[in-house]
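Given the coordinates of chain U, assemble chains F and P onto it according to the supplied hints.
Protein chains in written order, with our numbering: chain U, 1 to 224; chain F, 1 to 296; chain P, 1 to 290.
No lab work stands behind these hints: they were computed from the structure. Take these hints with a grain of salt, some might be off.
Claimed, not checked - Below, simulated DSSO-like cross-link-like pairs (lysine-lysine); rule was C-alpha separation at most 27 Å, straight line:
hint, chain 1, residue 1, chain 2, residue 2
1, U, Lys-10, F, Lys-169
2, F, Lys-104, F, Lys-38
3, F, Lys-169, F, Lys-188
4, P, Lys-199, P, Lys-185
5, F, Lys-171, U, Lys-10
6, F, Lys-188, U, Lys-10
7, U, Lys-79, F, Lys-169
8, F, Lys-186, U, Lys-79
9, P, Lys-172, P, Lys-269
10, F, Lys-296, F, Lys-139
11, F, Lys-44, F, Lys-104
12, U, Lys-79, F, Lys-171
13, F, Lys-38, F, Lys-249
14, U, Lys-10, F, Lys-191
15, F, Lys-139, F, Lys-188
16, F, Lys-157, P, Lys-39
17, F, Lys-232, F, Lys-157
18, P, Lys-39, U, Lys-79
19, U, Lys-79, F, Lys-188
20, F, Lys-38, F, Lys-276
21, U, Lys-10, F, Lys-186
22, F, Lys-171, F, Lys-191
23, F, Lys-186, F, Lys-157
24, U, Lys-79, F, Lys-191
25, U, Lys-79, F, Lys-157
26, F, Lys-171, F, Lys-186
27, F, Lys-276, F, Lys-232
28, P, Lys-172, P, Lys-199
29, U, Lys-79, F, Lys-161
30, F, Lys-191, F, Lys-161
31, U, Lys-79, F, Lys-232
Said to hold, decoys possible - Not everything, but these chain F residues come out facing chain P in the computed CB check (under 7 Å):
hint, residue
32, Gly-75
33, Thr-77
34, Glu-109
35, Ile-111
36, Ser-199
For glycine and all other residues, C-beta sits at the position ideal for the given N, C-alpha and C.
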Amino acid sequence: MLDNLDEFFKGFGYTLFLFLVCAVASMALGILLVAMRVGPIAVLRSLATVYVSVVRNTPLVLIFIFFHFAAPIIGINFKWVQVHVGSFDFTSAFATAFVALSLYTACFVCEGLRSGVNAVPMGQAEAARAIGLPFGGVMTQVVLPQAIRASVPPVASALIAMLKNTSVAAIFFLAEATAAMRGLTNDYSSQRIGIFLCFAIGYIVLVEIVSMISLSLERRWRVA
Amino acid sequence: MRLRSALAATTAGIAIAAGLAACGDAGSDDEGRDVDAKSDCDGKFAEGSRMAELADAGTINVGHKTDQPGVGFQGATDDVPKGFDIEIAKLLIADLCIDPASDKVNWEETISDNREPYLESGKVDVVLASYSITDDRQKVVGQAGPYMVTGQQLLVKSDSKIAGVDDVKGKEVCSVTGSTSLETIKAKGAKGVGADSYSECAEKVLDGTYEAMTTDGTILAGLAAQNEGELKVVGDQFSTENIGVGYGKDHPEMCEWIDGVLEDAFADGSWAEAFKLTLGPSGVQTPEPPTLQPCK
Amino acid sequence: MSASVLFDAPGPATRMRHRIYTAVASAGILAAVVYAVLKLNDDGQFEYDLWEPFVTPDYLGTLILDGLVDTVTMAVFAITGAVVFGFLFGVAKMSDHAFIRWPAWVVVEFFRAMPVLLLMIFVFSMWFISTKGSFLWIDQRGGFFSVVIALTCYNGAVLAEVVRAGVAAVPKGQAEAAYAIGMRKTQVMTIVLLPQAVKVMLPAMISQMVVALKDTSLGYAVAAPGLTRVGQQIYREFHNQVPTAIVLAVLYVGLNLLLTLLATWIQKKFVGEKKIDVVAVAAGIDKNRA
Numbered sequence: 001m002l003d004n005l006d007e008f009f010k011g012f013g014y015t016l017f018l019f020l021v022c023a024v025a026s027m028a029l030g031i032l033l034v035a036m037r038v039g040p041i042a043v044l045r046s047l048a049t050v051y052v053s054v055v056r057n058t059p060l061v062l063i064f065i066f067f068h069f070a071a072p073i074i075g076i077n078f079k080w081v082q083v084h085v086g087s088f089d090f091t092s093a094f095a096t097a098f099v100a101l102s103l104y105t106a107c108f109v110c111e112g113l114r115s116g117v118n119a120v121p122m123g124q125a126e127a128a129r130a131i132g133l134p135f136g137g138v139m140t141q142v143v144l145p146q147a148i149r150a151s152v153p154p155v156a157s158a159l160i161a162m163l164k165n166t167s168v169a170a171i172f173f174l175a176e177a178t179a180a181m182r183g184l185t186n187d188y189s190s191q192r193i194g195i196f197l198c199f200a201i202g203y204i205v206l207v208e209i210v211s212m213i214s215l216s217l218e219r220r221w222r223v224a
Numbered sequence: 001m002r003l004r005s006a007l008a009a010t011t012a013g014i015a016i017a018a019g020l021a022a023c024g025d026a027g028s029d030d031e032g033r034d035v036d037a038k039s040d041c042d043g044k045f046a047e048g049s050r051m052a053e054l055a056d057a058g059t060i061n062v063g064h065k066t067d068q069p070g071v072g073f074q075g076a077t078d079d080v081p082k083g084f085d086i087e088i089a090k091l092l093i094a095d096l097c098i099d100p101a102s103d104k105v106n107w108e109e110t111i112s113d114n115r116e117p118y119l120e121s122g123k124v125d126v127v128l129a130s131y132s133i134t135d136d137r138q139k140v141v142g143q144a145g146p147y148m149v150t151g152q153q154l155l156v157k158s159d160s161k162i163a164g165v166d167d168v169k170g171k172e173v174c175s176v177t178g179s180t181s182l183e184t185i186k187a188k189g190a191k192g193v194g195a196d197s198y199s200e201c202a203e204k205v206l207d208g209t210y211e212a213m214t215t216d217g218t219i220l221a222g223l224a225a226q227n228e229g230e231l232k233v234v235g236d237q238f239s240t241e242n243i244g245v246g247y248g249k250d251h252p253e254m255c256e257w258i259d260g261v262l263e264d265a266f267a268d269g270s271w272a273e274a275f276k277l278t279l280g281p282s283g284v285q286t287p288e289p290p291t292l293q294p295c296k
Numbered sequence: 001m002s003a004s005v006l007f008d009a010p011g012p013a014t015r016m017r018h019r020i021y022t023a024v025a026s027a028g029i030l031a032a033v034v035y036a037v038l039k040l041n042d043d044g045q046f047e048y049d050l051w052e053p054f055v056t057p058d059y060l061g062t063l064i065l066d067g068l069v070d071t072v073t074m075a076v077f078a079i080t081g082a083v084v085f086g087f088l089f090g091v092a093k094m095s096d097h098a099f100i101r102w103p104a105w106v107v108v109e110f111f112r113a114m115p116v117l118l119l120m121i122f123v124f125s126m127w128f129i130s131t132k133g134s135f136l137w138i139d140q141r142g143g144f145f146s147v148v149i150a151l152t153c154y155n156g157a158v159l160a161e162v163v164r165a166g167v168a169a170v171p172k173g174q175a176e177a178a179y180a181i182g183m184r185k186t187q188v189m190t191i192v193l194l195p196q197a198v199k200v201m202l203p204a205m206i207s208q209m210v211v212a213l214k215d216t217s218l219g220y221a222v223a224a225p226g227l228t229r230v231g232q233q234i235y236r237e238f239h240n241q242v243p244t245a246i247v248l249a250v251l252y253v254g255l256n257l258l259l260t261l262l263a264t265w266i267q268k269k270f271v272g273e274k275k276i277d278v279v280a281v282a283a284g285i286d287k288n289r290a
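Extracted from the complex, chain U is given alone in its bound form (with noise of 0.2 Å):
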């Protein structure tokens, strides 16, 4: 194992980028969704909500293999994506796991997201309606600001969620942690249980570092 360092670190290099790059569009995606879900315009309502049942219910494998096995049948191919940086490379592989995790996470994001608009007080909204802000107002200047710190826990869970479920591109060509596992337990089978167990903590490490950091944000925003 120690031997193997290198390739540990490099696993959860992609790892650690894929939930970077993840958690911010699906936060992005998110918060349109939860736009949506919430607003005026009951066709964007609908659509958002039929959206979020339907991901929601679909695994998360089956949506890797459809970006990654149906959608080139229909022309929808990311092999244009080559960024390459130091030893890592971004290529088809990083970017088809990241459509695939950010449309799945956006649902639950956009659901915790909706559970802190509901969190939020009713007077809240009439008084802001009452002093004349349109919808877009109401929700930008007021109804946000709250929500937003009131779905710190369930959003920040959605995004821990993910954190783990960028494992699953570890069957699908991403040679990130799951995957440099995989390969180191195949190489030195007789010490698999010393491999796991550095990988369970690697990935304990990182879901610590995102519940503390949520935690300090839901100190810091506490609605008084």
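Relative to the frame of chain U, chains F and P by itself:
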């Protein structure tokens, strides 16, 4: 009430599906060779040997692949796998006086992750899963044979300009995580991408994501035949893979037995027949039988 | 707070504007759907050949009998195991004895913070060590039981937290009253606290079942049976990835919606509107911890 109506809807859906079911007719059914079980097992094997135990028990566990057309393949509705590996396995099974077509044979899928652990633990008795003989593997498992000699090549799209291993330096080439092929292609200067199976690699070459995939030529030939006109095998073999039969290290006596069965098959033409039947359709010429390695 | 509080009952100008938005949005959605369908049609994705396996009795039978049944069986095994695991460790975490409480805490945290796929692959690679080759039913299903064991540990760890939260949600007076009439610790837990906690936990447990059901598809990585596996075999044989993905999605979504309906119904019938925030619990965010 909503629950009940949902259940009703589902039931109706299944009924409709069942009704439609009558009109489809997909799939093919080509069988392998029929190999009859021998009946001379009383006293054929030394007392206490693994072969005698297996023959007495009348059952055997065989590890194989399911994703390599022509070598070891199993479709969604197939009860037993088919391919060259399987044909050789049948010869071994028959020699133990077990009917290869009966349910006394437990066909167990082995993936690259678990061939050694399966053999080490005795979960399978023999592995015939395009299993190359290597020194590393012989430290943990026994390997007899080879029953086939092949080498690593490249599989590319029919219109590809790639002609050999020199053309893929710095490019992404797909192979299976944990396989020797992946290590070899990395050593040749390409960027190896690890997939879960060779079929997945072939899919990604077909859709243009990766320009090439690599593994043993026989496996590639099978994949090329399955996608005729779209994929082709190119380049010289840049490694030599001796495909052998894996067995448990605790039973060294199996080596002589496996080699004996293979020797007979080479001599009486059943080896060549099996080759022609399974790999012939992929356009691979039936070669001379390989030379067996001495048992250790 | 319902959505309508966020905006006024629209006046004529706003209604007009909303109508325009609606029209634009509908046109956009319609265009996207039409484009997708045309595109699929252009690529020949609606050709009968590609869909034929799904109306062929053999393949349909395999898909429903092997795939669907295996998926559901794995989920049922896993969730049953997880409930047992969850109760054991949930109660252990509330033990008065530190030597029980701490190990339980470590186990629960460990399984909760780890990707279930990592665990699954590990269980799979360890599976053969204890079993010698035989024809036992259990022995032939390495993939199947790797999925079941991994999901049991993960979902069990989540449920352990749910159990703890459920018991904590029972009013304090209940336990106090029970002690007052002379019940012992075990009695208080099994007779008074747990039965009331279960009522609150039920919906959370069933939504965890949806998670377990979805996660059975991770068995893809360890050659386990199930819907995804059968789908994979079908598209390998027929190269009909798009139809296969659509059929699989419909089956999974249908199955999960049924489960969700069941959860909602049970919740309405037994619990009312109270429920534990299982999502936060699952992710390991414990507000009382730090």
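For each hint, the structure was consulted:
Restraint check for Lys-10 (chain U) and Lys-169 (chain F): satisfied, since their Cα atoms lie roughly 21 Å apart, inside the 27 Å limit. At most 27 Å may separate the alpha-carbon atoms for a hinted pair to count; Lys-104 (chain F) and Lys-38 (chain F) meet this at roughly 14 Å. For the hint linking Lys-169 (chain F) to Lys-188 (chain F), the alpha-carbon distance of about 7 Å falls within 27 Å, and the restraint holds. Between the alpha carbons of Lys-199 (chain P) and Lys-185 (chain P) the distance comes to roughly 21 Å, so the proposed pair stays at or under 27 Å and holds.
A threshold of 27 Å between alpha carbons decides the hint, and for Lys-171 (chain F) with Lys-10 (chain U) the separation of about 19 Å falls inside it, so the pair holds. The straight-line distance between the Cα atoms of Lys-188 (chain F) and Lys-10 (chain U) is roughly 21 Å, inside the 27 Å bound, and the hint therefore holds. Of the pairs offered as hints, the one joining Lys-79 (chain U) and Lys-169 (chain F) holds, with about 17 Å between alpha carbons and a cut-off of 27 Å not exceeded. At roughly 20 Å between alpha-carbon atoms, Lys-186 (chain F) and Lys-79 (chain U) fall within 27 Å of each other, so this suggested pair holds.
Distance restraint check for Lys-172 (chain P) and Lys-269 (chain P): the Cα-Cα separation of roughly 25 Å lies within the 27 Å cut-off, and the hinted pair is therefore satisfied. Of the supplied pair hints, the one linking Lys-296 (chain F) and Lys-139 (chain F) holds, its CA atoms being roughly 12 Å apart against a limit of 27 Å. At roughly 20 Å between alpha-carbon atoms, Lys-44 (chain F) and Lys-104 (chain F) fall within 27 Å of each other, so this suggested pair holds. A threshold of 27 Å between alpha carbons decides the hint, and for Lys-79 (chain U) with Lys-171 (chain F) the separation of about 12 Å falls inside it, so the pair holds.
Using a Cα cut-off of 27 Å, the hinted pair Lys-38 (chain F) and Lys-249 (chain F) holds, with the two alpha carbons roughly 26 Å apart. For the suggested pair Lys-10 (chain U) and Lys-191 (chain F), the alpha carbons sit about 15 Å apart, so the restraint of at most 27 Å is met. Only pairs whose Cα atoms come within 27 Å are accepted, and Lys-139 (chain F) paired with Lys-188 (chain F) is accepted, the gap being roughly 26 Å. For the suggested pair Lys-157 (chain F) and Lys-39 (chain P), the alpha carbons sit about 24 Å apart, so the restraint of at most 27 Å is met.
For the given pair, Lys-232 (chain F) sits about 6 Å from Lys-157 (chain F) by alpha-carbon distance, which is consistent with the 27 Å threshold. Distance check on the hinted pair: Lys-39 (chain P) and Lys-79 (chain U) sit about 20 Å apart at the alpha-carbon level, within 27 Å; holds. Between Lys-79 (chain U) and Lys-188 (chain F) the alpha-carbon distance is near 22 Å, which keeps this suggested pair within the 27 Å criterion. A threshold of 27 Å between alpha carbons decides the hint, and for Lys-38 (chain F) with Lys-276 (chain F) the separation of about 23 Å falls inside it, so the pair holds.
The hinted pair formed by Lys-10 (chain U) and Lys-186 (chain F) meets the criterion: a straight-line CA distance of about 16 Å does not exceed 27 Å. Under the criterion of a C-alpha separation no larger than 27 Å, the hint pairing Lys-171 (chain F) with Lys-191 (chain F) is consistent with the structure, at around 6 Å. For the given pair, Lys-186 (chain F) sits about 21 Å from Lys-157 (chain F) by alpha-carbon distance, which is consistent with the 27 Å threshold. For the proposed pair Lys-79 (chain U) and Lys-191 (chain F), the alpha carbon gap of about 15 Å is at most 27 Å, so the pair holds.
A C-alpha spacing of about 15 Å is found between Lys-79 (chain U) and Lys-157 (chain F), which places the hinted pair at or below 27 Å, so the restraint holds. Restraint check: the Cα-Cα separation between Lys-171 (chain F) and Lys-186 (chain F) comes to about 10 Å, which is no more than 27 Å; the hinted pair holds. Proposed proximity of Lys-276 (chain F) and Lys-232 (chain F) is supported: the alpha carbons are some 20 Å apart, at most 27 Å. At roughly 16 Å between alpha-carbon atoms, Lys-172 (chain P) and Lys-199 (chain P) fall within 27 Å of each other, so this suggested pair holds.
The hinted pair formed by Lys-79 (chain U) and Lys-161 (chain F) meets the criterion: a straight-line CA distance of about 18 Å does not exceed 27 Å. Between Lys-191 (chain F) and Lys-161 (chain F) the CA atoms are separated by roughly 18 Å; this keeps the pair inside 27 Å, and the hint holds. Taken as a hint, the Lys-79 (chain U) and Lys-232 (chain F) pair is honoured in the structure, with Cα atoms around 21 Å apart against an allowance of 27 Å. At its closest, the beta carbon of Gly-75 (chain F) sits 5 Å from a beta carbon of chain P; the interface hint therefore holds under the 7 Å criterion.
Interface hint at Thr-77 (chain F): satisfied, since its Cβ lies 5 Å from the closest Cβ of chain P, which is below the 7 Å cut-off. Restraint check, Glu-109 (chain F) versus chain P: the minimum CB separation of about 5 Å is within 7 Å; hint holds. Given the 7 Å rule on beta carbons, the hint for Ile-111 (chain F) holds: about 6 Å separates it from the nearest Cβ of chain P. Given hint, Ser-199 (chain F) at the interface with chain P, holds; its Cβ is 5 Å from that chain's nearest Cβ, closer than 7 Å.
Violation of the numbered hints given earlier is absent; every hint is satisfied by the structure.
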